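S.K.: Protein sequence lines, in the order shown, are assigned to chains A and B. To convert, note that position 4 of the first sequence is 404 in our numbering; the numbers rise steadily by one, no gaps. To convert, note that position 250 of the second sequence is 291 in our numbering; the numbers rise steadily by one, no gaps.
Take the hints with a grain of salt, since some may be wrong.
With a straight-line cut-off of 25 Å between C-alpha atoms, the simulated BS3-like cross-links for lysine-lysine are [what the hints assert, rightly or not]:
1) K507/A x K530/A
2) K259/B x K158/B
3) K358/B x K530/A
4) K259/B x K160/B
5) K501/A x K530/A
6) K259/B x K501/A
7) K259/B x K530/A
Here are a few chain B residues that sit away from chain A, every Cβ distance over 10 Å (derived from the structure) [unchecked claim]:
8) F109
9) V141
10) K158
11) D187
12) I193
13) R228
14) I233
15) G266
Because the hints were derived from the structure by calculation, they are not lab data. Here the structure is a predicted model, which means the values were calculated and not measured. By construction, the Cβ of each residue, glycine as well, lies at the ideal position given by its N, Cα and C atoms.
The lines below spell out each chain.
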Amino acid sequence: MAVVEVRELSKRFDGVAAVDGIDLASADGEFLVLLGPSGCGKTTLLRMIGGLEPPTSGDVLIGGRVVTALPPRARQIAMVFQSYALYPHMTVYNNIAFPLKAAGLPKSEQARRVDWAAGILGIDAYLDRKPRQLSGGQRQRVALARALVREPTVFLLDEPLSNLDAQRRASARDELQGFQRRVGTTTIYVTHDQVEAMGMGDRIAVMEQGRIRQVGTPHEIYDDPADTFVATFLGSPPMNLIPDVASGELLGFRPEHFIPWQPEMGDDWVRFPYHVHRTEYLGAERLLYGQVGEAKAVARFPANSAIDTEIGSTTEFAVRRNDLKRFHLETGLRLDRNGRRP
Amino acid sequence: MSAGARVDAATLPGTRQGRYWLDRESVLGPVLLLPAVIYIVALVGIPLVLAVLYSLSDVTIGDQSIDFVGLKNFRDVINNSTFRTALQNTFVFTIVSQAVVLVLANILALVLSADFKGKRLVRFLVLLPWTTPIALGVLGWLWTLDSVYSPIDYVMRQVGLLGVGSPLGPDWFGTNSLWLAYPDRARLSVLIVHVWRTLPLATVILLAGLTAIPQDVKDAANVDGAGFFRQLFAIRIPLLVPIMMVAVLYGIVFTFTDLIVVFILTRGGPFDSTQVLATWAYFKGIEGGSLGQGAAIALFLFPVLVGVAALMLRIAKRAETV
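Start from the sequences and build out the full structure, keeping to the hints where you can.
M.R.: Rendered as structure tokens:
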């Protein structure tokens, strides 16, 4: 187990910054998620931590040791790739044993460790098969076993669930997090899927254009976004942003906090005239699409709630004052975070 | 389809039943295949049948009537000591040159898959021998191996490998190597030219195979702690084996059936020591006028080529099913 840290880390491809001076440190044994849209530099950052990509500038530290100049095999890391990257010509057993062979372990010790890892991941039955004879979920577990077998100090996972179908992904999320909790190894997990990030991460680092916009627990990221990018990247549908002419700011609020105004609500609530265009019934919930002034806004309710809004009508909706976030109109930065910086 | 619909279709302007006959696969397929079939029958099928007929007859250039003599041509050929030399040479040239090509092509492909300045130029230069017409390339080699003006000899003289006191032994004490005058040196020369000629294609094929290995797999091997040689022998080469087979089979066909290298370099000499089946068939059948014997010699190439073709088809089939 170890702390992973990057300092002022940058990577430029032909002058374009893929990763732009990032400072980030994990806690020991933490499940840290790098979240961002495609092309935001999260995979490049992970590959630099793994030693697969030399940084243009800056340093990578693992367990307090600068490893920037070390090759991947000297870093005591294990990586799981999006494609799983199993060796197609080897059996499952030999795939898992490969890092042990490379480390020069005796045959008996190799066998013991492969059995142990295969047992943890429940793939004992497939050890003689080739990767092409396995399903996506089984391949993913073989890739995890291969990562686990040499007891690395850090796991680097690059979108390991993106090749699974939606149903399988939910259970794989559960398995993966349980597995990480059991082995307690520091894990850096790259994904563009906010559900994965929110559901599994101890902390999430939200990235955009090679920079980190915010690092925090899922709660902090969702409820207390540092800027409009984070506010709109997380949440589905995203946070509503309404320009406030009086203050020259952007007011942000989550669709689930936007409900019809009632006379007994009192001063604690801020009222908005809401013009509803359309409603969507999604089984568990219901969405209203409409406008506040010129700005689009969405409201979300449990499907069984007795909200009665006529399409095409304008009614008073309200948001609790505590649930309103204020952002700078041009920079998009939060104005009311009590001095906390991202 | 209802009768009404058919009437409607027929009344559409410009629609006639006959216009779309080429759209039918049962028509289009044979039409597209026909040129290839004609080509193969005319240039492969008919000559092959003729060769079998000739080999069983006493046909010569002077008397082209086909009178069957059974297996007499084959018996005569086998009893000729030159046949054994030619057969042995054909196999030795093919096997040794392809073994060397396999090793060199692997090294070259690895080098060319790395990033370095001037890579495109080096790739171009490596490919050149393959793009040169074989006859021209071999003529170049004929001059390079010239008994008097050979630049190889010049270099060897400069570094002291040729001339009195050569460390290679008394055989190299002369002022020239006379590459094509001694049987061993002549055979070595033919081998070198074969390697030179088939190496580029094998390299390009292996290079394509190398780039087809997913970057993730190479990265995984890196992270898993494999050094260069473990990655090479445990990951890259095993993954390249199918494509190596393709390269080697091409090389075998080119080398096994080759006539030009020996024909231009040595004309089978000295004393028939570099004769191969293809050249000997030519000298016997065309220059010697004994078409029947020439055909019989050439037919000895057939079983090996059938085997190679069968292997190729198997590889192609396996590639299709993956």
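S.K.: Next pair to validate is K259/B with K501/A; report whether the Cα-Cα distance is within 25 Å.
M.R.: Holds, at about 16 Å.
S.K.: Holds or violated: K259/B with K158/B, Cα cutoff 25 Å?
M.R.: Holds - the C-alpha atoms of K158/B and K259/B are around 23 Å apart, at most 25 Å.
S.K.: Has the given pair, K501/A with K530/A, been kept, meaning a C-alpha gap of at most 25 Å?
M.R.: holds (18 Å)
S.K.: A cut-off of 10 Å on Cβ-Cβ distance, and G266/B was said to be off the interface with chain A. Does that hold?
M.R.: violated (4 Å)
S.K.: Beyond 10 Å from every chain A Cβ: check whether that's true for F109/B.
M.R.: holds (53 Å)
S.K.: Taking C-beta pairs only, is I233/B more than 10 Å away from all of chain A?
M.R.: At about 34 Å from chain A, I233/B clears the 10 Å cut-off, so the statement holds.
S.K.: For V141/B, is the shortest beta carbon distance to chain A beyond 10 Å?
M.R.: Consistent with the label, V141/B stays out of reach of chain A, its closest Cβ about 25 Å off (over 10 Å).
S.K.: Beyond 10 Å from chain A, beta-carbon-wise, is K158/B?
M.R.: holds (16 Å)
S.K.: For the pair supplied as a hint, K358/B and K530/A, is the alpha-carbon distance within the 25 Å limit?
M.R.: This hinted pair holds, its Cα atoms lying about 20 Å apart.
S.K.: Against chain A, does R228/B keep a CB gap of more than 10 Å to every residue?
M.R.: R228/B is indeed farther than 10 Å from all Cβ atoms of chain A, at 38 Å.
S.K.: Since D187/B was said not to touch the interface, does its Cβ keep a gap of more than 10 Å from each Cβ of chain A?
M.R.: holds (48 Å)
S.K.: Holds or violated: K259/B with K160/B, Cα cutoff 25 Å?
M.R.: Holds: K259/B and K160/B sit about 21 Å apart, inside 25 Å.
Violated hint for the displayed structure: number 15, the only one.
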